[in-house]
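Enquirer: Sequence:
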Amino acid sequence: MARRVVELVVIAALFLFVQGCSTTTTYLAPGEEKQISAAEEVIVKMNDGTELQLKKASVVKGRLVGYAPPDNKKEEVELSDIRSVRIEKANNTYAYLFVGAAGVVAAWLAVGAAIAPSPPPSSSCPFVYSYDGEKYVFDAEPYGGAICRGLKRTEWGELEHLKEVNGRYRIKVTNEMNETQYVDEMRLVVVDHPKGVKIAPDVSGEIHTFPQPLSPLRSRDSKGRDINALISRRDGVFWQTQVNEMSAAKQENLRDELILQFPKPAAARKAKLLVDVRTTLWGPQIAKRILELYGNKILDWYNEVDSFGPAFQRVISWYFTEELYLLQVRVDTKNGWESKGVIFGGGPFVSREKSYVLDIGDVPGDTLRIKLTPPACFWMLDYLAVDYTDDAP
1 MARRVVELVV IAALFLFVQG CSTTTTYLAP GEEKQISAAE EVIVKMNDGT ELQLKKASVV
61 KGRLVGYAPP DNKKEEVELS DIRSVRIEKA NNTYAYLFVG AAGVVAAWLA VGAAIAPSPP
121 PSSSCPFVYS YDGEKYVFDA EPYGGAICRG LKRTEWGELE HLKEVNGRYR IKVTNEMNET
181 QYVDEMRLVV VDHPKGVKIA PDVSGEIHTF PQPLSPLRSR DSKGRDINAL ISRRDGVFWQ
241 TQVNEMSAAK QENLRDELIL QFPKPAAARK AKLLVDVRTT LWGPQIAKRI LELYGNKILD
301 WYNEVDSFGP AFQRVISWYF TEELYLLQVR VDTKNGWESK GVIFGGGPFV SREKSYVLDI
361 GDVPGDTLRI KLTPPACFWM LDYLAVDYTD DAP
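Sequential numbering of the sequence shown, starting at 1, is according to the working numbering.
For the record, the hints were derived by calculation from the structure and aren't laboratory data.
A quick note: this is a predicted structure, and the numbers were derived from the prediction, not measured.
Be aware that a few hints might be false.
[To be verified] Result set (SDA-like, lysine to any residue): computed pairs, CA atoms no more than 20 Å apart in a straight line: (1) LYS152 / LYS371; (2) LYS152 / ARG187; (3) LYS152 / VAL342; (4) LYS371 / VAL329; (5) LYS297 / GLY309.
Work out the full structure: start from the sequences and follow the hints.
Expert: This is the structure in structure tokens:
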């Protein structure tokens, strides 16, 4: 039996950043502590992979304190032992997250022990809500990093919560930030496919099928630690930079390095990479800070980027070399590591599976090795897999 999946297409969209904020803190930003205290319930992901559910949680002297159901036992956890905190809220949410959003939404707060400026508690994209038959649910956050007309792009993403009601689909698009956003076109594409077969769009909108997605055999970070448990399932548990181990004084700490090994048929010449990744709240903050540097010359900069002048070339080169919003996929070939594709980043709160076709004709043997070098604290990775089958018609 076929299952119907709805894909959202956002075309020629862009926005302008005009406001943001930052603080300096040892563990959590003050805004994040307030979110935890105001939440009815939080899910704490520990560094060792275990989870802890807490009610009435708060941050007290470097510890997360709360009460674990069902017997409401008091628990105290050192913040340095926490990887992330998940907060689920319904209906009345914080103004700087999802103002007036009906339905259930979630935010992940990265926890670390390094002293560093914290990103602002805000987002950077239009919010797309899908009607699931009962309520509107936050379902998409497209085209992160498109800060002016010259950087506009088409974005595709699955609307997981959208349901048909009386022959209609209902979608709500909102601008909940202090910024100007432009949307040129929105349309729905309905895809019928066999049950149990994953599908995902690529950056051009072509739909690819994944009947046999293979998780990594092994995944290691730059310190040789096994991170397979974090990226082998699409479960909302993300790999992200361990900021408690970072030092801004050391150049090598400006990037992470991840090596993933997948099984590969010896004769395979292409691989379809399936990913679910997102950028962190640093994305909009970095863009805002850069735009501020132009002062009263900002319109001149916009015009130069929009006309594809030298400023356009510089910003694209910067995105690519620094891997901000564009994360290079390097593959171990017979000639060494070579870039085979680029993963596009989106907003920090909602991510969807995307596909990227890799040319691996120059990869010998029965192992596909992929290297990712995300800039520190900028990317979050939930799931990566490969599939070597031909696309279904």
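Enquirer: Now look at each hint and say whether the structure bears it out.
Expert: Checked hints:
1. LYS152 / LYS371: violated (28 Å)
2. LYS152 / ARG187: Status holds; Cα separation ~17 Å.
3. LYS152 / VAL342: OK: LYS152 and VAL342 at ~17 Å, within 20 Å.
4. LYS371 / VAL329: Holds: LYS371 and VAL329 sit about 6 Å apart, inside 20 Å.
5. LYS297 / GLY309: holds (15 Å)
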